[in-house]
Amino acid sequence: MAAQTKEIDIVAAFGGTGDYGQRFSVYIPNKDQAGEPVAQKEWIDSALRLLSEIGGGATAMPPVTGAWLNPKTDKLIIEEPVVVYTYVKPDVFVERLGELAAFVKRMGRETNQGSIGLEFDGEFFTVEDFSN
Amino acid sequence: MEKSNAKIGDFKLVARTARGRLKNISKKPTSLSVNRVIAAFGGKSAPVKAGNVKDPITLLAIREALVDRLRSTGGRPSLTGDSLRQRVQISAKDWKKITTIASHFEVGRHKPSPAQVASILIHFALEHASPSAIDQLMHTDIENQDTSKAERQRTSARD
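Protein sequences appear in the order of chains A and B. Take the first sequence: its letters are residues 56 to 187, numbered as in the working numbering. Take the second sequence: its letters are residues 299 to 457, numbered as in the working numbering.
Take the hints with a grain of salt, since some may be wrong.
Claimed, not checked - Subject to a maximum C-alpha distance of 25 Å in a straight line, what follows is the list of computed DMTMM-like cross-link-like pairs (lysine to aspartate or glutamate):
#: 1; chain 1: B; residue 1: 326; chain 2: B; residue 2: 362
#: 2; chain 1: A; residue 1: 130; chain 2: A; residue 2: 176
#: 3; chain 1: B; residue 1: 326; chain 2: A; residue 2: 178
#: 4; chain 1: B; residue 1: 325; chain 2: A; residue 2: 178
#: 5; chain 1: B; residue 1: 391; chain 2: B; residue 2: 425
#: 6; chain 1: B; residue 1: 325; chain 2: B; residue 2: 366
#: 7; chain 1: B; residue 1: 325; chain 2: A; residue 2: 150
#: 8; chain 1: B; residue 1: 342; chain 2: A; residue 2: 62
#: 9; chain 1: A; residue 1: 61; chain 2: B; residue 2: 366
#: 10; chain 1: B; residue 1: 342; chain 2: A; residue 2: 87
#: 11; chain 1: B; residue 1: 342; chain 2: A; residue 2: 183
#: 12; chain 1: A; residue 1: 96; chain 2: A; residue 2: 165
#: 13; chain 1: B; residue 1: 325; chain 2: A; residue 2: 184
#: 14; chain 1: B; residue 1: 342; chain 2: A; residue 2: 150
#: 15; chain 1: B; residue 1: 326; chain 2: A; residue 2: 62
#: 16; chain 1: A; residue 1: 61; chain 2: B; residue 2: 362
#: 17; chain 1: B; residue 1: 321; chain 2: B; residue 2: 380
#: 18; chain 1: B; residue 1: 326; chain 2: A; residue 2: 176
#: 19; chain 1: B; residue 1: 342; chain 2: A; residue 2: 165
#: 20; chain 1: A; residue 1: 61; chain 2: B; residue 2: 380
#: 21; chain 1: B; residue 1: 342; chain 2: A; residue 2: 184
#: 22; chain 1: B; residue 1: 326; chain 2: A; residue 2: 150
#: 23; chain 1: B; residue 1: 342; chain 2: B; residue 2: 425
#: 24; chain 1: A; residue 1: 144; chain 2: A; residue 2: 165
#: 25; chain 1: B; residue 1: 326; chain 2: A; residue 2: 74
#: 26; chain 1: B; residue 1: 342; chain 2: A; residue 2: 134
#: 27; chain 1: A; residue 1: 160; chain 2: A; residue 2: 184
#: 28; chain 1: A; residue 1: 86; chain 2: A; residue 2: 74
What the hints assert, rightly or not - Incomplete in silico selection of chain A near chain B, CB under 7 Å:
#: 29; residue: 76
#: 30; residue: 152
#: 31; residue: 182
No lab work stands behind these hints, which were simulated from the structure alone. Every residue, glycine too, gets a C-beta built ideally from N, C-alpha and C.
Please build the complete structure, drawing on both the sequences and the hints.
In structure tokens form, the structure reads like this:
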């Protein structure tokens, strides 16, 4: 028998709102490019605040073990970044994209990073130039 | 040698799922262009998508694609989509690999055929070759051919 495909409006079924678009994530580092600790908590709090303003709420995942190979020193930095993400409201996201980019660059500069990891809609990318 | 093949045959990725039977028709906001967002950050795109499942040429990725695309209309399940049946010559060595890969899957109660697995593998390979990249490669190739042709002409003129 052919399996029938059924159509459902899942958002309407829950009386929910479907304003949310693609997922945007920022990797918050806990070490700098030399392997020295950085004040991760304050950046997590700032990211949660900013992403909540953009998506109505945000989530910080538990720290995960990650590694970054410093191309200048060839030193492998083992770190525990925290991924903070939100499902963006597209209009607000576009409106505040400049502010978000400035936040990421400031975090890169002030925590002495070689690169900051980001994801948008499942696409991973890095920012390495932290100049304004 | 036979022993190691038997070892490879010890595991099977079995998928029993009703995925795809329900289609969510909730309205979603318009998607934003990923490339525009990356450009806004002055970011560098990574060559692969985040998450292993989408990483091409893993058994898990092939299984995901088979689960998504294999549908039964009563008989042996076939691949959905606007597929055309084509005759493609494949080397015996490649076919053996494809057959081995296919032997590791079950989707529902069905075993996908090696041809269905081959179709998924071709799709994965082409997914990472954008039309602009192909176009660029073709131009580079044509330019290289022109350069070597001119070089040959110069050499024969000297001789």
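A quick look at each hint next to the structure:
no.: 1; hint: 326/B / 362/B; verdict: 24 Å, holds
no.: 2; hint: 130/A / 176/A; verdict: 31 Å, violated
no.: 3; hint: 326/B / 178/A; verdict: 19 Å, holds
no.: 4; hint: 325/B / 178/A; verdict: 23 Å, holds
no.: 5; hint: 391/B / 425/B; verdict: 24 Å, holds
no.: 6; hint: 325/B / 366/B; verdict: 22 Å, holds
no.: 7; hint: 325/B / 150/A; verdict: 22 Å, holds
no.: 8; hint: 342/B / 62/A; verdict: 38 Å, violated
no.: 9; hint: 61/A / 366/B; verdict: 15 Å, holds
no.: 10; hint: 342/B / 87/A; verdict: 20 Å, holds
no.: 11; hint: 342/B / 183/A; verdict: 8 Å, holds
no.: 12; hint: 96/A / 165/A; verdict: 14 Å, holds
no.: 13; hint: 325/B / 184/A; verdict: 37 Å, violated
no.: 14; hint: 342/B / 150/A; verdict: 22 Å, holds
no.: 15; hint: 326/B / 62/A; verdict: 15 Å, holds
no.: 16; hint: 61/A / 362/B; verdict: 20 Å, holds
no.: 17; hint: 321/B / 380/B; verdict: 19 Å, holds
no.: 18; hint: 326/B / 176/A; verdict: 14 Å, holds
no.: 19; hint: 342/B / 165/A; verdict: 20 Å, holds
no.: 20; hint: 61/A / 380/B; verdict: 21 Å, holds
no.: 21; hint: 342/B / 184/A; verdict: 10 Å, holds
no.: 22; hint: 326/B / 150/A; verdict: 19 Å, holds
no.: 23; hint: 342/B / 425/B; verdict: 20 Å, holds
no.: 24; hint: 144/A / 165/A; verdict: 28 Å, violated
no.: 25; hint: 326/B / 74/A; verdict: 7 Å, holds
no.: 26; hint: 342/B / 134/A; verdict: 21 Å, holds
no.: 27; hint: 160/A / 184/A; verdict: 7 Å, holds
no.: 28; hint: 86/A / 74/A; verdict: 35 Å, violated
no.: 29; hint: 76; verdict: 5 Å, holds
no.: 30; hint: 152; verdict: 5 Å, holds
no.: 31; hint: 182; verdict: 5 Å, holds
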